[in-house]
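**Q** The listed protein sequences correspond, in order, to chains G and B. According to the numbering used here, the first sequence holds residues 1 to 420 in order. According to the numbering used here, the second sequence holds residues 421 to 713 in order.
A hint or two may mislead.
[Claimed, not checked] Only pairs whose alpha carbons sit at most 27 angstroms apart, straight line, appear in this in silico DSS-like list of lysine-lysine:
1. Lys334/G with Lys79/G
2. Lys662/B with Lys79/G
3. Lys647/B with Lys79/G
4. Lys624/B with Lys496/B
5. Lys334/G with Lys40/G
6. Lys624/B with Lys709/B
Just so you know, the hints here were simulated from the structure itself, not pulled from any lab data. For clarity, every value in this text was computed on a predicted model and none was experimentally measured.
The residues making up each chain are set out below.
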Amino acid sequence: MNRWKRALLVLLPLLIVVAGGCSQSSGTAGVVTVDVFQFKAEISQQLDELKAEFEREHPNIRLNIQTVGGGSDYGASLKAKFSSGDQPDLFTLGGDHERDMWLEYLEDLSDQPWVADVKEVALDQMTVDGKLYGMPMNLEGYGFIYNKDLFEQAGITEEPQTLSELREACEKLQAAGITPFANGYQAWFVLGNHFANVAFAQQPDPEQFIAELTEGTAAFMGNEIFQQWIDLLDLTLEYGNPNPLSMDYSSQVSTFATGQAAMMQQGNWTQVQIDGINPELNLGILPMPIHDSDTNRGMIYAGVPGNWVVNKNSKVKEEAKTFLNWMVTSEMGKRYITSEFKFIPALDSIEGTEDDLGQLGVEVLKYADAGKTLSWNWTRLPNGMPQEMYSSIQGYIGGSLTREEMLEQFQRNWDNLSFQ
Amino acid sequence: MNRNKRSHLLQQYLYVGPTALFFLCMVLVPFFLGIYYSFTSWNGISSHVGWNGIQNYVHIFTRDYSFLNAFWFTAKFTVVALILTNLLGFALAYILTRRLFARNTLRAVFFIPHVIGGLLLGFIWQFIFVQGFSSIGELTGWSFFTLPWLGTGTTAFWAIVIVFVWQNAGYLMVIYISAINNVPSSLIEAAKVDGAGRSQLLRKVIVPLIMPAVTVCLFLTISWSFKLFDLNLSLTEGGPFKSTQTVSLNIYEEAFTISRFGLGSAKAMIFFIIVAIISLLQVRATKKKEVEM
C-alpha cells in the first residue's frame, strides 16, 4: 500500500489544479462585469480610456475588454471562446454572412433608443426580418483617392465621373510627367475585397445577383458588368506603376503620399498614414466608374466594417446595452467616437468635423449623406471567396490567365465555396 | 479476491488509468466526434448541427479541386522531402561515425534545428529568403540568390523542401548514428579481411544491418511531411496563388477560416485513411528488407 500512497501524493496536486480551474471567481456584491471582445486593434487604447469614463459614471458596471486584431484571428478566437464556454457578453461582428452565422446568439436590439438614428447605409447588413441585431461601429468608404494639387498641375479642372473621363485625366497626368495610379495589388484585400466588390456593387441588385450565383441562375461568364469591371482594371494597369503585384499596402500609401502618383484605390482609413508622411496634401475621393453611361454615376463604395452585438444568453445583457447606449448618446461617448477613435459616425445623431475625421473622412461622409454610395458586398460572398478572387485577379494581372479564364476560375471557386 | 490480487489490480488502474483517461479524452473522443461531424453541415458555431449524409464526401471528390491541389502538392513534397532528408541524414551519420575532429560538436550543431519549433523556423527562413537571399544576390550577383524564392509556385515549393530537410535531417542523423554504431565491428572486420572495399562494405554490410533504423526513419519522414502544417503556415501561408498549400493547412482553413467544420472534418477523415494506408504499406515493405543477425 505504500506505493499507492506515494502515487496519491503525486496525483493529488493535479486534482487540486483541475478542481481549481472549474470554480468561478465571483465579483463584489452589486457590481457586475461585462466581458467585451472586439477586433479593432487600432482603438484599443482609446477604448480603455472610454471604459474608465463609463465606469466612473456607472459604479455598478465593470467592463472587461479584450482585443484581438486581424480578420481571421479574431473569428477563430471568438469561436474558441464560445466552444470553451467562456462567452463574451458584448462583442464585434462583420455584417451579412457573419451575422447569419452567429444569429442564434444575437440579442434583438430593435427597441434601443439609438436605432432611429442609424444611417440608412449601415442598417441592412445587420437586419434580419426587420429586426436590428447590431450597432454599427462606424462607416468607411473607398474610391480613388486623388491628390488635388497634382490634378491641377496637369490641368484637370473637373473631377472625372465616367471611364472615358478618367482615361482623359490619366493621359493629361502622364503628359505632365505624373504617374496616374499607385496600384498596391500585392495586398489581398485591395483586390479581393475592395476592387472585386466594384463588380458586385455595380449589379442592379447585388444581393439578388449573389443569391442567383449560388442558385446557378446567374454566372460570371457573360455578365456585362464584369466585362466592364475588367476594363477598369486594365485602365489602372495601363496607367499605373510598374510591378503592381509586388507593391504592398504601405508602399502604395507612401508612393501616393510622397506625390509619386496622383491616385490610389484606397479608403478613408489611410488618412492617418498619409498624415504621417505629408499632412499638407489636398485630398479628395473620386468615384470608380466602369463605363460611360449614367447608371451609378459618381458613386463611391461605403459600408460598415464592424458592429457591436450583445450575446442573447448573457446574464448582464442589460448592462451591455446600457454601455452601447451611453457610448452613442452621452457627450463623452460621442466625443470619443469622432475625435479619439477617428470614426466616421454611423449614426445621424453624432456630428463629425474635418478636424476629427480628416479630409478623407469628411469626403466619405459627404458622399454618404448625399446617397452617393454603393454597397460593400464581400461580407455577402461565400467565406473564402475574396481570397480566391484575389489569387485569380493576380493571375490575370501577371498574364497567366485571360479574361475568360479568370471569370471561369471565379465560377469554379464560387461553386465550391457556396456549398454548405 | 485476496488482498494481494486486489492491490495488484489497483496498481494497474493507477498506472494505466490516467494515461488511458487522457487518451480517451484527447484522442478517441475527438476522433469519433470528428467522424460524426464529417457527416454534418456544422459551421463550428451553431448549436444546431444539420445532418448532411455523405454529401460532404461527394462534394470533396467532385467539386473541391482545392483539396485535390493541396493533396497533389503534399504528395510531391513528401516524395522529395523523404528522399532528401533521409539521404542527408544518413550521409551526416556516416561521416560523423568516423573518427573526426569535433565530432560531437558537429552532431549537436546538426541536431539543433530540430529543437527549434517549426513556426519559428518558418518566420526566420521567410526573412532569410526575402531579405537575406536578395542582399547576398545583390552583393554577389549569383542568380541562385536573386530568384523570387517565395514569389513563384516552383521556387516556393523548393523553399519549403530546403527548410524541412534542414530541420529534420539532424534528427534522422541521430537515429542512423546509433544504428551504425550497433553494427558489430567483427562483421566489418570480417568483410574487410574478405577484401570488401568501402562502397561494398556500405552496400552489403552496413545498409542491410541498419534496415530497422531505415524503417523508423522512413515512417517518421512520411508522417512528418504528410502532416506538415506549422512550417507551411509561417513560411508561405499556402501562397503564392495557393500553390503551396498542404492538406493540413487546407483542412484548417476549411474548418476555421471558411467555417465549414463538417466539410473540414470529412477532409480530415479522408486524409487520416490515406496516411494510415501509406504508412502501413511502407512499414510492411521495409520490414521485409530487415535482416536478422
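**Q** So, for every hint listed, does it hold in this structure?
**A** Going down the list of hints, with the structure as the test:
Distance restraint check for lysine 334/G and lysine 79/G: the Cα-Cα separation of roughly 31 angstroms exceeds the 27 angstroms cut-off, and the hinted pair is therefore not satisfied. A threshold of 27 angstroms between alpha carbons decides the hint, and for lysine 662/B with lysine 79/G the separation of about 25 angstroms falls inside it, so the pair holds. Between lysine 647/B and lysine 79/G the CA atoms are separated by roughly 24 angstroms; this keeps the pair inside 27 angstroms, and the hint holds. The straight-line distance between the Cα atoms of lysine 624/B and lysine 496/B is roughly 30 angstroms, outside the 27 angstroms bound, and the hint therefore fails.
Proposed proximity of lysine 334/G and lysine 40/G is supported: the alpha carbons are some 17 angstroms apart, at most 27 angstroms. A distance of roughly 13 angstroms separates the Cα atoms of lysine 624/B and lysine 709/B; the hinted pair therefore holds under the 27 angstroms criterion.
Figure legend: structure checked against the earlier numbered hints; hints not met, in rising order: 1 and 4.
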